[in-house]
Amino acid sequence: RIRKEGEEIELSLYEQINKVRRELTDEERKKPTYLIADTLKEHSTGKLSMKIRSNRFSYQLWRDKSEQPLEDRLNEVIVGVIFMLEPLVFAKRGRVEEEKRRLETIRKAKEENAKIEKLENDAARWATSNNIRGYLRVYRAKLIEIHGSLTDGSDEARWLEWAERYVEKIDPLNSISSDTKKPEPSK
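With the numbering used here, letter number 130 in the sequence shown gets 130, and the count goes up by one each step, no holes.
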């Protein structure tokens with residue numbers, strides 16, 4: 001096997017073998033043919049073949065020729081190896097680059113979704129805090145209307161102080177500091 005950047009081709013060298021039917025013995029001639037084993041005899045031809053295979057269906061083959069033996073054609077074989085391997089490597093590089101682009105697109109989409117989710121959550125928290133502030137103004141006014149004033153340290157006063165601290169805590173605008181950078185627009 002020859003490998004480059006994770007792609008591989010298979011290189012095989014083999015000798016052509018001819019199979020010749022052997023002469024049957026007198027005893028074998030009396031038997032049915034399906035009971036006779038090893039009726040073929042292998043015969044070496046001395047002719048070499050070299051095959052390069054990149055997958056099940058793609059291969060290239062060189063054989064001994066009467067005027068030019070295979071060992072004199074090794075340059076052709078090397079060119080064949082390059083011819084079969086380079087497109088595989090090129091295709092793999094393309095797949096790797098495509099996968100990088102796909103993953104980058106996914107990363108950007110996740111980043112964009114996270115920004116959208118934060119924006120929507122911040123807007124909801126801001127709306128909630130403004131809604132609570134409005135409620136607290138009306139509640140305070142109602143207490144003053146009923147009691148004439150709001151007594152410091154009373155249960156109502158302590159509850160209003162707690163509610164105002166809570167509102168300040170949940171308002172996302174209170175977490176912005178003067179050194180906070182303005183977010184860059186998405187591309």
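Rather than coming from a laboratory, the hints here were simulated on the basis of the structure.
Computed from a predicted structure; not experimentally measured.
Where is the CB? At the ideal position from N, CA and C, for every residue including glycine.
Be a bit skeptical, because a hint or two may be false.
Stated by the list, open to error - Beta-carbon label-pair distances, calculated as ranges:
#1 Lys19 with Tyr59: 30 to 36 Å
#2 Glu86 with Arg125: 27 to 33 Å
#3 Leu74 with Glu97: 53 to 59 Å
#4 Lys4 with Ala123: 31 to 37 Å
#5 Gly94 with Leu40: 44 to 50 Å
#6 Arg107 with Ser58: 50 to 56 Å
Stated by the list, open to error - Capping the alpha-carbon separation at 30 Å, the derived lysine-lysine pairs in DSSO-like fashion look like this:
#7 Lys115 with Lys92
#8 Lys169 with Lys110
#9 Lys4 with Lys51
#10 Lys110 with Lys92
#11 Lys31 with Lys47
#12 Lys51 with Lys115
#13 Lys115 with Lys169
Quick rundown of the hints versus the structure:
{"no.": "1", "hint": "Lys19 with Tyr59: 30 to 36 Å", "result": "violated (23 Å)"}
{"no.": "2", "hint": "Glu86 with Arg125: 27 to 33 Å", "result": "violated (58 Å)"}
{"no.": "3", "hint": "Leu74 with Glu97: 53 to 59 Å", "result": "violated (34 Å)"}
{"no.": "4", "hint": "Lys4 with Ala123: 31 to 37 Å", "result": "violated (54 Å)"}
{"no.": "5", "hint": "Gly94 with Leu40: 44 to 50 Å", "result": "holds (48 Å)"}
{"no.": "6", "hint": "Arg107 with Ser58: 50 to 56 Å", "result": "violated (36 Å)"}
{"no.": "7", "hint": "Lys115 with Lys92", "result": "violated (34 Å)"}
{"no.": "8", "hint": "Lys169 with Lys110", "result": "holds (28 Å)"}
{"no.": "9", "hint": "Lys4 with Lys51", "result": "holds (18 Å)"}
{"no.": "10", "hint": "Lys110 with Lys92", "result": "holds (27 Å)"}
{"no.": "11", "hint": "Lys31 with Lys47", "result": "violated (36 Å)"}
{"no.": "12", "hint": "Lys51 with Lys115", "result": "violated (57 Å)"}
{"no.": "13", "hint": "Lys115 with Lys169", "result": "holds (21 Å)"}
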